[in-house]
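Visitor: Take a look at the letters that make up each chain.
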Amino acid sequence: MELTVNGKKLEVADGVTITALLEELKINALRVAVQLNQEIVKRERYEETSLKAGDRLEIITFMAGGSA
Amino acid sequence: MREDNAMEQSDTLKFAGREFRSRLIIGTGKYPDYRLMKRAHEASGAEIVTVALRRVNLDRTQESLLDYIDTKKYTLLPNTAGCYTAEEAIKTACLGREVGLSDMVKLEVIGDQRTLFPDNEELLKATKALVKEGFIVLPYTNDDPIMARKLEDAGAAAVMPLGAPIGSGLGIRNPYNIKIILEAARVPVIVDAGVGTASDAAIAMELGCDGVLMNTAIACAKDPVAMAEAMRHAVRAGRLAHLAGRIPKKLYASASSPLEGMIEL
Chain Z
3 MELTVNGKKL EVADGVTITA LLEELKINAL RVAVQLNQEI VKRERYEETS LKAGDRLEII
63 TFMAGGSA
Chain L
3 MREDNAMEQS DTLKFAGREF RSRLIIGTGK YPDYRLMKRA HEASGAEIVT VALRRVNLDR
63 TQESLLDYID TKKYTLLPNT AGCYTAEEAI KTACLGREVG LSDMVKLEVI GDQRTLFPDN
123 EELLKATKAL VKEGFIVLPY TNDDPIMARK LEDAGAAAVM PLGAPIGSGL GIRNPYNIKI
183 ILEAARVPVI VDAGVGTASD AAIAMELGCD GVLMNTAIAC AKDPVAMAEA MRHAVRAGRL
243 AHLAGRIPKK LYASASSPLE GMIEL
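Quick mapping for you: the protein sequence lines, in order, are chains Z and L.
Counting in my numbering, the first sequence runs from 3 upward without gaps.
Counting in my numbering, the second sequence runs from 3 upward without gaps.
Just chain Z, with the same shape it has in the complex (with noise of 0.2 angstroms):
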């Protein structure tokens, strides 16, 4: 199934977890927030969240950045 991941498509298995996404884009889970089509998932909820086709994810990282 397609999803978007921060604005890219990407194919994935039917059914994916959160927790599996984040592995199998090597992500650490402990370093990132996810929004699953506007809404924010907590980290303690990605093991049993499962995807949908179309589902729009953000992972958001601490990036370098000072003011602006």
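Hint data in this document are derived by calculation from the structure and do not stem from the laboratory.
Among the hints, erroneous ones may be present.
Unchecked claim - Each pair of labels, with its calculated beta carbon distance range:
1) L:I148 to Z:K44: 21 to 29 angstroms
2) Z:D16 to L:L172: 52 to 60 angstroms
3) L:E135 to Z:R58: 17 to 25 angstroms
4) L:D35 to Z:D16: 40 to 48 angstroms
5) L:E135 to Z:S52: 24 to 32 angstroms
As the list claims (entries may be wrong) - Calculated lysine to aspartate or glutamate pairs in the EDC-like style (CA-CA distance at most 16 angstroms, straight line):
6) Z:K28 to L:D61
7) Z:K11 to Z:D57
8) Z:K44 to L:D105
9) Z:K44 to L:E100
10) L:K127 to L:D155
11) L:K93 to Z:E41
12) Z:K28 to L:E65
13) L:K93 to Z:E60
14) Z:K10 to L:D61
15) Z:K10 to Z:D57
16) L:K93 to L:E135
17) Z:K11 to L:D61
18) L:K181 to L:E135
Computed from a prediction, not measured in an experiment: that's the story for all the values here.
Even glycine gets a Cβ: it sits at the ideal position worked out from N, Cα and C.
Add chain L to chain Z, keeping to what the hints say.
Guide: Same frame as chain Z, now just chain L:
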């Protein structure tokens, strides 16, 4: 030296029940590379570093900023840089809390791309909403005493007036406004933005500010590590001068040597 250390121990920056020995807060942006940033952080003595929130790079070719910040040593202060509405800033702050498990946010709601001046109306709205959500809100504001009072009344943990536009290096453009803000404030006042060199930081501290936040002045200096050390000393020197109490300014001279016992020549 020992007295200086004793003073350093007790003279801390306090807000929202937290205590920091350094009054210098620095950014992580604009450094040529992360190794240099790390060394500049160490040289600055800062204990709080600001970070931005952005999408993870999916191709994983970029190094992670967090590999270069020891989170046991530094408190991360997520910002809402790049947000132009209260709604965007609130959402970004909530994402920051999820990543960092910290309730602190350097709240920025920008009004205009060219000046990067804050949008007061949206800033106040976002401050109220985030305070209600339990955030420790540190709003970046202009040097307007009325706005500072409104932010404080809204529950901001500190107010962070700009010295000059972000990244401009113009220094403290209106020290008199900062003084008026300081007179009325019951929360820490931290000058955020505008510092260009060490004397600017010292001036902010001499005025009585509780801290200084900067990024560009260090990161874009020819030698960021040396500038970071300069800023550490400037903030300390300015703070000590403030506590020591400067002499009043006078128009005419006043001799430092005794006028009695003059030699007959």
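Visitor: For each hint, tell me whether it holds in the structure or not.
Guide: Evaluation of the provided hints:
Between L:I148 and Z:K44 the Cβ separation comes to about 39 angstroms, which falls outside the hinted range of 21 to 29 angstroms. Between Z:D16 and L:L172 the CB atoms are about 57 angstroms apart, so this pair conforms to the stated range of 52 to 60 angstroms. Distance hint check: the CB atoms of L:E135 and Z:R58 are about 24 angstroms apart, consistent with the given range 17 to 25 angstroms. For the pair L:D35 and Z:D16, the beta carbons lie near 42 angstroms from each other, so the given range of 40 to 48 angstroms is met.
A hinted range of 24 to 32 angstroms holds for the C-beta pair L:E135 and Z:S52, which are about 28 angstroms apart. Between the alpha carbons of Z:K28 and L:D61 the distance comes to roughly 10 angstroms, so the proposed pair stays at or under 16 angstroms and holds. Using a Cα cut-off of 16 angstroms, the hinted pair Z:K11 and Z:D57 holds, with the two alpha carbons roughly 10 angstroms apart. Only pairs whose Cα atoms come within 16 angstroms are accepted, and Z:K44 paired with L:D105 is accepted, the gap being roughly 15 angstroms.
Proximity of Z:K44 to L:E100 is assessed by CA-CA distance (about 7 angstroms); at most 16 angstroms being required, the pair is judged to hold. For the suggested pair L:K127 and L:D155, the alpha carbons sit about 12 angstroms apart, so the restraint of at most 16 angstroms is met. A hinted pair counts as satisfied when its Cα atoms are at most 16 angstroms apart, and L:K93 with Z:E41 qualifies at roughly 9 angstroms. Among the hinted pairs, Z:K28 with L:E65 is consistent with the structure: their alpha-carbon atoms are about 13 angstroms apart, no more than 16 angstroms.
Using a Cα cut-off of 16 angstroms, the hinted pair L:K93 and Z:E60 holds, with the two alpha carbons roughly 12 angstroms apart. Only pairs whose Cα atoms come within 16 angstroms are accepted, and Z:K10 paired with L:D61 is accepted, the gap being roughly 11 angstroms. Taken as a hint, the Z:K10 and Z:D57 pair is honoured in the structure, with Cα atoms around 12 angstroms apart against an allowance of 16 angstroms. For the given pair, L:K93 sits about 12 angstroms from L:E135 by alpha-carbon distance, which is consistent with the 16 angstroms threshold.
Distance check on the hinted pair: Z:K11 and L:D61 sit about 13 angstroms apart at the alpha-carbon level, within 16 angstroms; holds. At roughly 31 angstroms between alpha-carbon atoms, L:K181 and L:E135 are farther apart than 16 angstroms, so this suggested pair is violated.
When each numbered hint is compared with the structure, violations occur for hints 1 and 18.
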